[in-house]
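Engineer: All chains should be modelled from the sequences, with the hints used to inform the complete structure.
Chains as they are written, first to last, in the working numbering: chain A, 1 to 285; chain B, 286 to 580.
Errors might be hidden in some of the hints.
Okay, derived cross-link-like pairs now, EDC-like style, lysine to aspartate or glutamate, Cα gap no bigger than 16 Å in a straight line [stated by the list, open to error]:
id, chain 1, residue 1, chain 2, residue 2
1, A, Lys10, B, Glu381
2, B, Lys481, A, Glu9
3, B, Lys481, A, Glu8
4, B, Lys466, B, Glu478
5, A, Lys189, A, Asp159
6, A, Lys185, B, Glu298
7, B, Lys347, B, Glu334
8, A, Lys13, B, Glu478
9, B, Lys429, B, Asp526
10, B, Lys487, B, Glu381
11, B, Lys289, A, Glu181
12, B, Lys459, B, Glu381
13, B, Lys487, B, Glu467
14, A, Lys6, B, Glu478
15, B, Lys481, B, Glu381
16, A, Lys185, A, Glu170
17, A, Lys10, B, Glu478
18, A, Lys3, B, Glu478
19, A, Lys13, B, Glu381
20, B, Lys481, B, Glu467
Over 10 Å on every C-beta distance to chain A, these chain B residues come out as not near it, computed from the model [to be verified]:
id, residue
21, Lys347
22, Phe365
23, Thr421
24, Leu422
25, Leu465
Far from chain A, by Cβ distances over 12 Å, these chain B residues were calculated [said to hold, decoys possible]:
id, residue
26, Phe337
27, Ser338
28, Glu340
29, Glu345
30, Leu351
31, Pro424
32, Phe426
33, Gly427
34, Thr521
35, Asn523
The hints are simulated quantities; they were obtained by calculation from the structure and are not laboratory data.
Here the structure is a predicted model, which means the values were calculated and not measured.
Ideal placement from N, C-alpha and C gives every residue a C-beta, glycine not left out.
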Amino acid sequence: MRKIRKIEEKFFKIISQLATYSLVAILGYIIFVIFKNGFSSLSWEMVSEIPSGGYYYGGDGGVLNAIIGSLYIALGATLIAIIIGVPAALFINSHLMQRKRSQNTIRYILDALWGIPSIVYGAFGFTLMIYLGLSASLLAGILTVSFLITPIVIRSFDDVLSTIPRGLYEASFSLGSTRTETAVKVLLKQGFSGFITAVLLAFGRGIGDAASVLFTAGYTDNLPGNLDEPAATLPLAIFFQLGSPIPEVRQRAYAAAAILTLIILIISLSSRFVSRKYQKKALKF
Amino acid sequence: MRLKRLLYNRFGEIWMLSAITIILLFPLVIGIALFIKSDSIVSSYSLAELLFSSEWLPSEGKFGFLPFIISSIYVTILAFAFSVPICLLTAIYLSEYAPKRLTVFMQTVIDILAGIPSVVYGMWGILVIVPFVGETLAPMFGVKSHGYSILSGGMVLAVMCIPYILSMLIETFKTVPNGLKEASLSMGATRWETIKHSILKKGRPGIISAFGLGLAKAFGETLAVMMVVGNVVNITANPFDSGYPLPALIANNYGEMLSIPMYDSALMFAAFLLLIVILFINLFFRYFIYKSQKI
Numbered sequence: 001m002r003k004i005r006k007i008e009e010k011f012f013k014i015i016s017q018l019a020t021y022s023l024v025a026i027l028g029y030i031i032f033v034i035f036k037n038g039f040s041s042l043s044w045e046m047v048s049e050i051p052s053g054g055y056y057y058g059g060d061g062g063v064l065n066a067i068i069g070s071l072y073i074a075l076g077a078t079l080i081a082i083i084i085g086v087p088a089a090l091f092i093n094s095h096l097m098q099r100k101r102s103q104n105t106i107r108y109i110l111d112a113l114w115g116i117p118s119i120v121y122g123a124f125g126f127t128l129m130i131y132l133g134l135s136a137s138l139l140a141g142i143l144t145v146s147f148l149i150t151p152i153v154i155r156s157f158d159d160v161l162s163t164i165p166r167g168l169y170e171a172s173f174s175l176g177s178t179r180t181e182t183a184v185k186v187l188l189k190q191g192f193s194g195f196i197t198a199v200l201l202a203f204g205r206g207i208g209d210a211a212s213v214l215f216t217a218g219y220t221d222n223l224p225g226n227l228d229e230p231a232a233t234l235p236l237a238i239f240f241q242l243g244s245p246i247p248e249v250r251q252r253a254y255a256a257a258a259i260l261t262l263i264i265l266i267i268s269l270s271s272r273f274v275s276r277k278y279q280k281k282a283l284k285f
Numbered sequence: 286m287r288l289k290r291l292l293y294n295r296f297g298e299i300w301m302l303s304a305i306t307i308i309l310l311f312p313l314v315i316g317i318a319l320f321i322k323s324d325s326i327v328s329s330y331s332l333a334e335l336l337f338s339s340e341w342l343p344s345e346g347k348f349g350f351l352p353f354i355i356s357s358i359y360v361t362i363l364a365f366a367f368s369v370p371i372c373l374l375t376a377i378y379l380s381e382y383a384p385k386r387l388t389v390f391m392q393t394v395i396d397i398l399a400g401i402p403s404v405v406y407g408m409w410g411i412l413v414i415v416p417f418v419g420e421t422l423a424p425m426f427g428v429k430s431h432g433y434s435i436l437s438g439g440m441v442l443a444v445m446c447i448p449y450i451l452s453m454l455i456e457t458f459k460t461v462p463n464g465l466k467e468a469s470l471s472m473g474a475t476r477w478e479t480i481k482h483s484i485l486k487k488g489r490p491g492i493i494s495a496f497g498l499g500l501a502k503a504f505g506e507t508l509a510v511m512m513v514v515g516n517v518v519n520i521t522a523n524p525f526d527s528g529y530p531l532p533a534l535i536a537n538n539y540g541e542m543l544s545i546p547m548y549d550s551a552l553m554f555a556a557f558l559l560l561i562v563i564l565f566i567n568l569f570f571r572y573f574i575y576k577s578q579k580i
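Structural biologist: This is the structure in structure tokens:
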């Protein structure tokens with residue numbers, strides 16, 4: 001009897017350990033495959049030039065159009081998400097402080113919004129675009145991506161704000177500050193690490209998402225110069241080039257994927273670094 | 286001075302209030318917009334016809350969504366079956382056995398896995414999973430397959446869902462009170478017995494919800510699945526055959542949808558269907574979590 005218990009304990013400890021390490025192995029394997037295929041065809045030309053005439057038959061050029069387009073869309077969308085998301089998160093934690101019920105209801109709806117897949121946002125963005133009389137453009141892409149990432153900004157910023165101790169609010173109110181002043185001067189400062197994390201998380205999602213820009217941003221070989229021009233994006237560049245029957249073009253898709261993965265890795269690691277740095281600056285209780 | 290502060294306060298309040306109102310109305314607006322767009326197809330076909338007919342010939346005006354719905358469910362269930370054991374075991378190991386340093390390290394691993402864009406997962410699927418299924422797995426089972434199959438879709442999707450489900454499971458296990466574990470251990474239970482009898486029991490609502498939300502996430506995932514699933518309209522029980530999930534249908538046909546009558550409406554109906562199913566699953570399981578946390 002005791003033996004069986006011992007064996008059971010050992011057995012489950014070992015397989016759960018294996019499961020954990022298999023996860024590390026999967027991540028390592030994905031990154032290895034992407035970088036191995038990508039770096040062999042990555043060149044300076046890939047990141048510094050736009051596609052030339054025969055590009056899609058294996059001619060010269062690079063994916064600068066997609067890199068710039070993706071950065072524009074992700075930056076624009078993140079800006080909109082900050083303008084709407086940050087005040088919303090502050091509101092939940094300052095004005096609704098004493099109304100636990102409404103706080104929970106709002107968080108509930110936001111969580112559900114976070115769960116909506118990006119293809120639905122894409123379809124909605126497309127509908128809205130037609131309704132407003134726009135064509136596939138940078139502006140439509142920015143708007144659609146901002147719908148997608150605003151709930152992310154709010155919810156992840158809110159997660160940090162909700163851990164701020166009550167005493168800090170009371171101190172601020174007792175000194176005579178209004179609720180808005182408390183929100184901006186106390187909450188924003190104390191939760192700054194959360195703000196950075198939220199913004200970087202949203203930016204990463206915005207730059208990597210393909211399904212939402214598929215309908216709305218269009219695709220072009222030129223650099224977007226204006227809000228009403230179509231813009232190429234990195235995920236779509238990868239997707240379209242992977243479908244090509246020509247091996248050289250597929251090689252470039254691998255290179256573009258390596259670029260995108262590198263960007264995501266940098267964002268993800270720097271968000272950890274920055275948030276840790278600001279966490280040290282926040283007041284401790 | 287006082288006026289300035291009052292104005293500042295007022296302005297801030299208005300900004301915050303309008304931001305939160307916009308966001309809260311948002312799901313409603315999406316739902317209404319997609320519903321209006323899909324109205325022309327819903328009013329000319331019966332709902333049963335749309336959902337349970339398997340004929341898909343848009344140019345002849347036949348819109349049966351059954352093959353897509355079944356493909357979606359099939360892929361989702363496969364992904365679920367692959368990811369659940371790994372998630373559960375990893376969450377148990379990280380919250381009960383693992384040293385602190387490993388937990389911190391794994392948090393980074395989970396974050397990076399969650400951050401990798403779906404198109405990159407799709408490419409990894411084409412490079413690794415598709416040949417694996419086509420050249421290794423299919424011959425092992427004595428089937429012919431080119432690898433672009435429902436099984437490949439399920440495997441890629443499983444990897445994508447793992448970080449999502451796993452972080453919710455870890456959250457759940459954190460909420461189990463320490464006293465409960467200590468009580469069980471002090472009665473002479475082994476660690477595994479403690480996990481089995483108290484932690485998994487106490488955390489059950491959270492575990493079920495994590496799995497439910499993982500299902501919803503898998504159901505809506507588009508690009509990665511679309512790249513490896515083959516995109517052939519058919520109803521099949523063989524996982525080595527190609528499938529055509531609902532999100533892939535929307536994404537694949539956006540180019541031609543304006544040239545065939547009712548096609549755009551049909552695709553918007555598909556998007557509406559996705560929205561409703563996923564929103565419902567989300568609302569249901571999140572409610573379940575809130576309820577169980579109160580007790």
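Engineer: All the hints need checking, so say for each whether the structure fits it.
Structural biologist: Evaluation of the provided hints:
1. A:Lys10 / B:Glu381: holds, 14 Å
2. B:Lys481 / A:Glu9: holds, 11 Å
3. B:Lys481 / A:Glu8: holds, 11 Å
4. B:Lys466 / B:Glu478: Within the cut-off at roughly 10 Å; holds.
5. A:Lys189 / A:Asp159: holds, 15 Å
6. A:Lys185 / B:Glu298: Given pair Lys185 (chain A), Glu298 (chain B) holds - Cα atoms ~14 Å apart, limit 16 Å.
7. B:Lys347 / B:Glu334: holds, 10 Å
8. A:Lys13 / B:Glu478: Cα-Cα ~11 Å, so holds.
9. B:Lys429 / B:Asp526: holds, 9 Å
10. B:Lys487 / B:Glu381: holds, 14 Å
11. B:Lys289 / A:Glu181: Measuring from Cα to Cα gives roughly 12 Å; hence the hint holds.
12. B:Lys459 / B:Glu381: holds, 10 Å
13. B:Lys487 / B:Glu467: holds, 14 Å
14. A:Lys6 / B:Glu478: OK: Lys6 (chain A) and Glu478 (chain B) at ~10 Å, within 16 Å.
15. B:Lys481 / B:Glu381: holds, 12 Å
16. A:Lys185 / A:Glu170: holds, 14 Å
17. A:Lys10 / B:Glu478: holds, 11 Å
18. A:Lys3 / B:Glu478: holds, 14 Å
19. A:Lys13 / B:Glu381: holds, 10 Å
20. B:Lys481 / B:Glu467: Roughly 14 Å between the alpha carbons, so the hint for Lys481 (chain B) and Glu467 (chain B) holds.
21. Lys347: holds, 22 Å
22. Phe365: holds, 16 Å
23. Thr421: holds, 16 Å
24. Leu422: Leu422 (chain B) is indeed farther than 10 Å from all Cβ atoms of chain A, at 17 Å.
25. Leu465: Correct as stated: the minimum Cβ-Cβ distance to chain A is 19 Å, above 10 Å.
26. Phe337: Holds: least Cβ distance 22 Å, greater than 12 Å.
27. Ser338: holds, 22 Å
28. Glu340: holds, 23 Å
29. Glu345: Given a closest Cβ separation of 24 Å, the condition holds.
30. Leu351: It holds; Leu351 (chain B) is separated from chain A by about 20 Å at its closest Cβ, greater than 12 Å.
31. Pro424: holds, 22 Å
32. Phe426: Correct as stated: the minimum Cβ-Cβ distance to chain A is 23 Å, above 12 Å.
33. Gly427: holds, 28 Å
34. Thr521: holds, 23 Å
35. Asn523: Since the minimum Cβ distance to chain A is about 25 Å, Asn523 (chain B) lies beyond 12 Å and the statement holds.
Violated hints: none; the structure is consistent with every hint.
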